[in-house]
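Letter by letter, the sequence shown follows residues 1 to 138 in the numbering used here.
Bear in mind the hints are in silico, worked out from the structure with no lab data behind them.
There's no promise every hint is true.
[Stated by the list, open to error] Computed Cβ-Cβ distance ranges for the label pairs, DEER-style: (1) Arg124 - Asp52: 13 to 21 Å; (2) Arg83 - Arg124: 27 to 35 Å; (3) Glu99 - Leu24: 18 to 26 Å; (4) Ala107 - Arg136: 28 to 36 Å; (5) Leu33 - Asp109: 33 to 41 Å; (6) Ala115 - Glu82: 33 to 41 Å; (7) Ala107 - Glu35: 32 to 40 Å; (8) Asp109 - Asn26: 18 to 26 Å; (9) Thr79 - Asp34: 25 to 33 Å; (10) Gln120 - His36: 15 to 23 Å; (11) Asp52 - Gln108: 16 to 24 Å; (12) Glu99 - Glu56: 29 to 37 Å; (13) Gly94 - Glu126: 14 to 22 Å.
[As the list claims (entries may be wrong)] When the alpha-carbon atoms are kept at most 20 Å apart in a straight line, the in silico SDA-like pairs for lysine to any residue are as follows: (14) Lys114 - Lys134; (15) Lys134 - Leu119; (16) Lys137 - Lys121; (17) Lys121 - Asn67; (18) Lys137 - Ser60; (19) Lys134 - Tyr31; (20) Lys114 - Met58; (21) Lys137 - Asn67; (22) Lys137 - Phe106; (23) Lys114 - Glu104; (24) Lys114 - Thr75; (25) Lys137 - Ile85; (26) Lys78 - Leu33; (27) Lys114 - Asn13; (28) Lys103 - Thr75; (29) Lys137 - Leu33; (30) Lys121 - Ser93; (31) Lys134 - Pro112; (32) Lys78 - Gln108; (33) Lys134 - Glu49; (34) Lys78 - Glu49; (35) Lys53 - Trp95; (36) Lys137 - Pro112.
These numbers come from a predicted model, not from an experiment.
Cβ coordinates follow ideal geometry from the N, Cα and C atoms, glycine included.
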Amino acid sequence: MNNILIFPKSSRNSVLLVEDCTELRNIMVQYLLDEHPGLSIETASDGVEALDKIAERMPSILITNINMPWMNGVTLLKTLQERGINLPTLATSGWWTEEALEKELFAQDFVPDKAIEFLQKPFRFEDLGSLVEKLRKL
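Using the sequences provided together with the hints, build the complete structure.
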């Protein structure tokens with residue numbers, strides 16, 4: 001008997017925000033809710049918690065920090081791909097550069113089916129908002 005995975009449907013306006021810094025996570029959520037009405041935002045503090053949230057409710061957009069405890073953003077993206085889940089993603093980092101992230105994803109044999117945008121910390125919230133809008137249109 002084959003194992004069949006059934007994933008919950010996602011809304012075009014649902015976001016999963018994965019960020020280990022509580023203060024930044026709360027500020028990002030508040031900004032997105034204030035500036036982008038209609039978004040539904042779930043949060044997680046690391047990749048392990050994010051996988052649990054995705055099993056419960058599939059988001060239409062993933063926003064993830066790269067450096068996090070327990071499971072980092074690269075491992076999260078690779079694990080999702082192995083499970084057949086490819087989401088439009090916004091990766092954020094204060095340590096990684098976009099080029100370093102691309103090299104690491106390539107080294108992990110990660111080939112995205114959806115767009116992956118990158119936002120270097122510290123960032124302007126207007127940039128966060130415009131990238132989320134870009135991903136919403138995919």
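Okay, the hints, checked on the actual structure:
Remark: the range hint 13 to 21 Å for Arg124 to Asp52 is contradicted by a beta-carbon distance near 31 Å. Restraint check, Arg83 to Arg124: a C-beta distance of roughly 33 Å satisfies the suggested window 27 to 35 Å. Under the hint 18 to 26 Å, the C-beta atoms of Glu99 and Leu24, about 23 Å apart, fit the expected range. Between Ala107 and Arg136 the CB atoms are about 30 Å apart, so this pair conforms to the stated range of 28 to 36 Å.
At roughly 36 Å, the beta-carbon separation of Leu33 and Asp109 lies within the given 33 to 41 Å, and the hint holds. Separation of Ala115 from Glu82 is about 19 Å and departs from the stated range, judged on CB atoms against 33 to 41 Å. Look at Ala107 against Glu35: about 36 Å separates their beta carbons, and that is inside 32 to 40 Å. The hinted window of 18 to 26 Å between Asp109 and Asn26 is violated, with their beta carbons roughly 35 Å apart.
The beta-carbon spacing between Thr79 and Asp34, approximately 32 Å, falls within the hinted interval of 25 to 33 Å. A hinted range of 15 to 23 Å holds for the C-beta pair Gln120 and His36, which are about 21 Å apart. A beta carbon spacing of about 22 Å between Asp52 and Gln108 agrees with the range 16 to 24 Å that was offered as a hint. For Glu99 and Glu56, the Cβ-Cβ distance of about 34 Å falls inside the hinted range of 29 to 37 Å, so the restraint holds.
Between Gly94 and Glu126 the beta carbons are some 18 Å apart, a value that agrees with the proposed interval 14 to 22 Å. Proximity of Lys114 to Lys134 is assessed by CA-CA distance (about 12 Å); at most 20 Å being required, the pair is judged to hold. For the hint pairing Lys134 with Leu119, the CA-to-CA distance comes to about 13 Å; that is within 20 Å, so the pair holds. Distance hint between Lys137 and Lys121 is unfulfilled; the C-alpha atoms sit about 24 Å from each other, more than 20 Å.
This hinted pair checks out: Lys121 and Asn67 have alpha carbons roughly 12 Å apart, not beyond 20 Å. Proposed proximity of Lys137 and Ser60 is supported: the alpha carbons are some 10 Å apart, at most 20 Å. Note on Lys134 and Tyr31: the hinted pairing holds, with a Cα-Cα distance of about 16 Å set against a maximum of 20 Å. As the CA atoms of Lys114 and Met58 are separated by approximately 15 Å, the hinted pair is consistent with the 20 Å bound.
Proposed proximity of Lys137 and Asn67 is contradicted: the alpha carbons are some 27 Å apart, above 20 Å. The hinted pair formed by Lys137 and Phe106 fails the criterion: a straight-line CA distance of about 25 Å is larger than 20 Å. With a C-alpha separation of about 17 Å, the suggested pairing of Lys114 with Glu104 holds against the 20 Å cut-off. Taking the CA atoms of Lys114 and Thr75, the gap is about 17 Å. The hint holds against a cut of 20 Å.
Restraint check for Lys137 and Ile85: satisfied, since their Cα atoms lie roughly 18 Å apart, inside the 20 Å limit. Restraint check: the Cα-Cα separation between Lys78 and Leu33 comes to about 28 Å, which exceeds 20 Å; the hinted pair is violated. Between Lys114 and Asn13, the direct Cα distance comes to roughly 16 Å. Compliance with the 20 Å bound is thereby established for this hinted pair. About 14 Å separates the Cα atoms of Lys103 and Thr75, which keeps this hinted pair within 20 Å; it holds.
Note on Lys137 and Leu33: the hinted pairing holds, with a Cα-Cα distance of about 17 Å set against a maximum of 20 Å. Proposed proximity of Lys121 and Ser93 is supported: the alpha carbons are some 5 Å apart, at most 20 Å. Between Lys134 and Pro112, the direct Cα distance comes to roughly 17 Å. Compliance with the 20 Å bound is thereby established for this hinted pair. Using a Cα cut-off of 20 Å, the hinted pair Lys78 and Gln108 holds, with the two alpha carbons roughly 7 Å apart.
With a C-alpha separation of about 25 Å, the suggested pairing of Lys134 with Glu49 is violated against the 20 Å cut-off. Simply put, Lys78 and Glu49 have alpha-carbon atoms about 15 Å apart, close enough for the 20 Å limit, and the pair holds. Using a Cα cut-off of 20 Å, the hinted pair Lys53 and Trp95 is violated, with the two alpha carbons roughly 26 Å apart. Distance check on the hinted pair: Lys137 and Pro112 sit about 17 Å apart at the alpha-carbon level, within 20 Å; holds.
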